[in-house]
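S.K.: One-letter residues, chain by chain:
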Amino acid sequence: MMYFYTYALIVTYFMASLGLFSASLVETIETPFIASVGTAVFISLIFNIKRKKPLPSYLWTIAAVVVLLLFVLDYLSASSSIITSAARFLAILLALKLFDVNRERDYIVVYSIVFFQILACAASTVSPLFFLILFLFTAGSIWAMIIYNLRKDLQEGLRVNPAGPPVVFGMPFFVTVMATSAVSLIITLMLFLILPRTGAGLFDFKTLNSVKLTGFSERVAPGVLGPLKKDPTVVMRVQTKGVKDASRLRHLRGVSLDRFDGAAWTRSIKESVVVRRGPSGSFAVGRPAPSMMELEIMLEPTDSDVIFAPPNPVRLEGKFSNIWLDPSGGMRLPAAPFYRVDYRVWSSASTAPDNGRVRGEYLDTSFMGAGPFARRITALLKVILKDKETDMEKARSIEAYLKTRYSYSLEPKKGDGVNPVDDFLFYSKEGYCEHYASAMAALLRGAGIPSRVVTGFLPGEWNGYGNYFIVREQDAHSWVEAYMKSSGWTTFDPTPEAGVAPVRGTSALALYMDFLRLRWNRHIIHFSLSDQRRLAHGVEDGSYRLYTRLRSAAGGGRAAGAMALNAAALAIAAFLAMVLVKSLMRGRPRQSKTPKFYEEMVRLLKKKGLSRMPGETPLEFAMRTGNPLVMEVTVFFQAERYGLRTLSGYDLVRAKMTVEALKKGLSP
Amino acid sequence: MNIKPVISAPLPWLTFVAARTFGKKTQAPKAAPVAGPVWFPRSLRFTREGKWFTAFLFFTGIAAINTGNNLLYLIVAALLSIIIISGFISESTLRGISVSRRLPSRIFKEAATPVTIRVSNGKRFFPSFSFNVQEADCAGLAAGPLYVLKLAADEGADRDARYVFKRRGRFTLLGVKVSTRFPFGLFLKGKRELVRDTVIVYPSIDPSNIDGLIDHRSFRAEGSSRPEKGSGAQIHGLRDYSFEDDSRRIHWKSAARQSRLLLKEFEREEGKRISIVFDNYSTPDGARFEALVDAAASLSDHYMKKGFAVGLKTLGQSIPPSSGTDHLFRILHTLALIEPAGPGGPAGVRPDPF
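Chains A and B are the protein sequences, given in the same order. Residue numbering for the first sequence follows the numbering used here, starting at 1 and increasing by one per position. Residue numbering for the second sequence follows the numbering used here, starting at 1001 and increasing by one per position.
Just chain B, with the same shape it has in the complex (with noise of 0.2 Å):
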């Protein structure tokens, strides 16, 4: 065939226009979640009802190139188009959608925890249909796919869902998979979109956990408690202020009252003050380890809602006993976080009262 120079000459042109028109900008790179040393924009899988219909097509073309009948020819190019609207359709439905997700600052292990997602549709004119968010593949979390039937153009949802982890510690979530089986499905076609949070998930606290673990001298302690003066948050009363005391303890409404310097007493708090010892030695069973770190974290919780100042001693470190919420949490970072501290010893977790 007489190729004339015109087949080869615009072609790197045209390339290159292409190139500068379609292809991806180099001035926004994505920390892309490289799976492997090819990463495709999109997966693609063959549904049970998309195996059958390439089966009929291969079938199809097989009899169109044996016989060289063109109505088969016909019925080969009619099944090819809808693969390709197929293609395409889907591809818009996908396009143009962005999902992120709302978590909330507490979570707790094995909790259904409540997330909000949410999905927009960033196309001016198409909507989606029918389309399936769901965490991409994260080690230790349990997440359903979130199912939306019509987005709009331009237009935004707020799903929940309900995320439950199997582990405590640190989590990186690092997208989402957005996938969809419209319109024919033939195909399930999705895509990775780069949605990145970390959360820390709390140990589980739950009253079964510590069964058998409850100091009952702390409790009696608290049951028969007659307050003495000392340095603990609870007033304990009022005397007359002499030059050593702390002007900062001065009760100033009283002494207003009453015309004279008067001195705010606080309680003594050692009889509500608990250290939770974790000896955090690796045990053979790693389940094992994680029970007496939920352990610990509930009796943390448990004796919090006592009233009790909780502190928290494991072989690394040590928190001072303290209470409020933010102090509990405080502990449960620090279990969240904890690891085996090597072999040595029993690992154990007991309350320890002063």
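Chain A on its own, in the form it takes in the complex (with noise of 0.2 Å):
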């Protein structure tokens, strides 16, 4: 039999690691802070399994003081964040609380702390692990709950010390834990849905861990995204309205950029309009179109306030107060988010003619200047337009030509050219995206095409688990779009297969994981008001639906009537497990009838061949058996069953240590 203490300790230790747990899923705070305190938390443990003596309370109380001190100076020193500082502060404390448990307060404080260092995780991160945390958190609550409770009603109802806890205690005790705290799961799963919520959320969680941005700017050099070509950190996952969906995403789009300095792109078309929401609760940023994609995207934070949306977006829908949009389609919000940002886009499928006049600034070639580069560009546009007519021709010439005749590599040799688009079309003749989209640019200018640089993304893996693609920061891409007369702002990638279509290494399990944190993320850490309206939604559709069904169901039809079948079995059996489940719960009037104890040794005689014959009473039936044993079980159970009298716990208990004695006595 395990004691209270040891018992204590257990769960009181499992509470600490799992404070360190969540404290370690508070970010930046580093591993090895982490390690210092969980080693502290060890030497604790050793120190109160040898139960060495106490020490005294007042030193705890200066330590706590010293330690509240130095949070106050962290926070206004060292760390920027106050949460930061409080998980740093809760876990010092929680180690230097657990050389300190002695009465049952103490182990009150330390699940106190635990649970702030849990709010303090909540506050902070957006893991999936929390779950995790907060379930076992839970367990081990009521573990502990049930424990401290169970001791002090011994302790008040018997006026006794218990130095071990009584056998309820046991493995059915522990798996009964657990089993609540399954059921307490659902029904927090269940709450968490119908839990009110605000209409806009006034927060959203500030990450210092952003995901960092390239590419993005006003301003990109040929060559910055090329050192993110392998890094498979996640920018945003992107979610279809099904498969027809997702064969036709091809570019997510970030920002177009116009000019050329012969260093890099810039964007000298500054304006922007502010597009506030419509009375739909949704941004129009485009004109509707008959066909449309649908998609939703959820960004992970980052230090950039692009959107990103496929080309020719019409609608926008996100938790925004305002975006900007400009000329170009390019869409922005006023700053950096920061945190997690999840929206709805919908764009036009196909892009319609647009019969607005194309700026100056989409055609200018000073870049090229009138030096031997511009000379080199004319000669070999005239290489490649040869016989092209239209400006739809030319331009899928260009990007043929580029395609074919020019090798993709992430680290291309420096050559003698004036600038990295002359270095790539006539000296090194390799590169990546950007060198063949500032190329395919400069060519469309020179063959008088208005063209822009368009930097953004690739739709990325396909996750089958969930249906949604995850894009990584080696999918940054950067194309081009050309103005055909005929059909508006077209887009042109001139890169190859090989930097389109990286090679993917992902495992089934971690595409899996990866759904996972989606669907954490998408359900848990993005659940809003507009969720909340959709379920009830959905619940009203459905019963309305079932309602009709059974409505019509009752007006006749064969089809109908099966279903009214169905209905009826299905309202019998919920009925059926009502009664059930209240008969179970209902006390009944206990009757008068043959007691356990004596059931048992009647069972135990009659495997041994002594059973009572018709009209044998009992007590003669134990004198024909000649065991006094049997006769002392046989006289209390007359006492209980015909003496008007019910045993009390002490002849109870001697009757049934009776029948354990007659057992063993009977047992070979």
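If you're looking for bench data, these hints aren't it; they were derived computationally from the structure. From the three backbone atoms N, C-alpha and C, an ideal C-beta is built for every residue, glycine too. Keep in mind that a hint or two might mislead.
Selected chain A positions facing chain B (Cβ under 7 Å, derived; list incomplete) [stated by the list, open to error]:
1) L134
2) N149
3) L158
4) F192
5) G448
Starting from the two chains in their separate frames, assemble the complex, guided by the hints.
M.R.: Written out as structure tokens, the structure is:
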């Protein structure tokens, strides 16, 4: 039998380890810190197991004050986040408190510290591991609360100080605790869905661990995306409505750049318009089209204010106050969010002819100058555009030329060109997306076709578990948009396939884990009032459908009849289940009947071939057996059955013990 | 929002079915001890831990609403689920518990009275854990709670308790309160079980009550008693039967031995008869009156033990002297229920030998 102290210690250290685990999830808390606090906790465990003389309580108080001062200093100087400082403070406090657990109050203090650590963790993390922590914490709390409550009840009820817990703390108890925790988890999730949410999220956790996005600023020099091409950091997850949309999705547009100064691409067209939320709750950013592609994009916390969307966005829905829209269709938030952004975007599947006038910036060829670079370009264009009439033909031939004649390399050799485009086109003849895109844009302008360079992302890796794309840093891409008189701004991607479809080595397990993470982010972290609304509508629609079905079933018809039968069977089953549950819970007056101990004895004797004859009284039967133990049990039985009295605790125990003795005596 | 008729249509039916299924049956009305206009089937009180728990819950709840952080909502939901589970388990513990008590037939004021409490769990499958059984509030009764750690499904247990009745007279025990903090100790949930018992509590019998009240003349009479013939209970002797004698007094055994009719003669009882005179005028101090009642009871007991035939004379009634335990309890019963007869004279108790 385990002693109460051992129990308390196990639960306490279980909770303490949960506290440390949750502290480790708080960002910017480094592993060395957790390791050192963990060591202190471990030492306290040894200290408590050996049950050394408890340290005086005032020592703990002094230490706590010192740690509090350290916390204030830490917050003011080293750490910029109060959550981080608080998490550190709590971790140290926990380790200290574990050296001073003597009274019951001390244990409760430990659990409270762990609770606040979990709160700090909740305020600082978005990791799905939090769910595991919460579940274990709930289980631990249930465990601890039952044990402490029973101990208190025993102390008050029986006026004893139980050194060891009673037999109720066996394996069945543990199983009960786990089952209770599982039920609690289900209720938790149900409550989570129905707890009232405020309309707009007043808070979104700003992370310091945001993804650094390069290539989406006002100035992008060819070559900046190269180092990213090996970075597997996830930037966003893109969910499509069905496979059709998934196959149509080619590019996620970020920013477009119109001016090349010989060294880098910049955006010279600065004007943007503010788009405010419309009456339908969404932002209208383009002309509605008959065929639209719907995407849900879950953007990881980034340091960029760019909203990524497929070309030709029409409508946008998200928790933003307003967005900035530039004439090229690029969208930006008012500021870099540093938190996870979840939005839906609808974009037109086909490009509509743009009747507007094309601005001169898109035809600017000043970067070519009048030197050898311009001459080389003109010569090359002559070769490529031979016999090409329309703009579309010209653009396609340039795209094809670059795709086939140049080799894809993430580490292009340095040539003797006057600028990176010159270098790529005429010297090294190798490069990656940016070189291809810059070169194509330059060639298009040389050919008199308005063009711009666009940076963004390729759809990335398809995750079949959740039917979404995982877009990573390495999927950052650059391509070209050219203005066609017939169809408006059209996308061209001159990069060869080698650069567009990188080799993936993601295991099925990793994909599945990513899917779980998506689910967590989508359904827990970003659960909102609109989700609740959707859920309520779902329930409403479901019940309405059921109602109409039942009503039509009542009206007649064979199929409807079968449905009605099903519904009736379901209702009857539900009713029976309800009655069963109720009868299980219902108390009923106890009837006088043969006590269990006597029944057990009769069973034992029957095994030995002794059973009561018809007409024989219990006492006669007992005398026939000639066993004094049988006699004794029979006397107890008669007292209970016919003596109009119920056996008191002592007699009952005695009767049961006699039956036990009989069992031992009878067994060979 | 577009409210479709389905939402409202089945509701009255659902309510009807639910009421029929879960509602209380009206066929078996219970005389509930209605304390106020509203009587709840369960009482619920926060424990200290429960208050802290709820404070944490509110704190987290406010933080969640304030920040819209869903993980905080998740914590709030977890804490709420613990409260809900606590409600279910405590309900399961209290359900089906029935209590009955066995009181001794004779109960004295301020004496520890052994009472057997039978607690039964009528549930078919679920055991009940860690609950207290306590007498519902009853003025003048001190009864500590009785603790039951575990009661398996469909089992009963007898527990011995000690009750102390602080006053004499009629007590109506209305019921017991079954309460539990199980499982988490956050709430103290209780229910009332109606177990009605009416008992008469006799005044306390204590020799110290009668110091200075014993009439020594009666003892003198007892010491120098020379038995004389009379109509008492003790046989004085035998004599020959004469026709004017009552034939029921013939001692048949002796008559058979001696072949003549012999008559039993009895001792006189005057020397061992005493009446306790209780002038039950009201006293300014209620405690003084109670002390007199106790004294009268203790005197009755005292003389009865000494072999006297004891009677009781109060202002309102008179019990002729007689002996035997039953007679003593007749006197005690009268004393248990005696009330002050109003002012009019000095209250007092004295033995009055014949």
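S.K.: Kindly indicate which numbered hints from before are broken by the structure, ordering the numbers from low to high.
M.R.: 5
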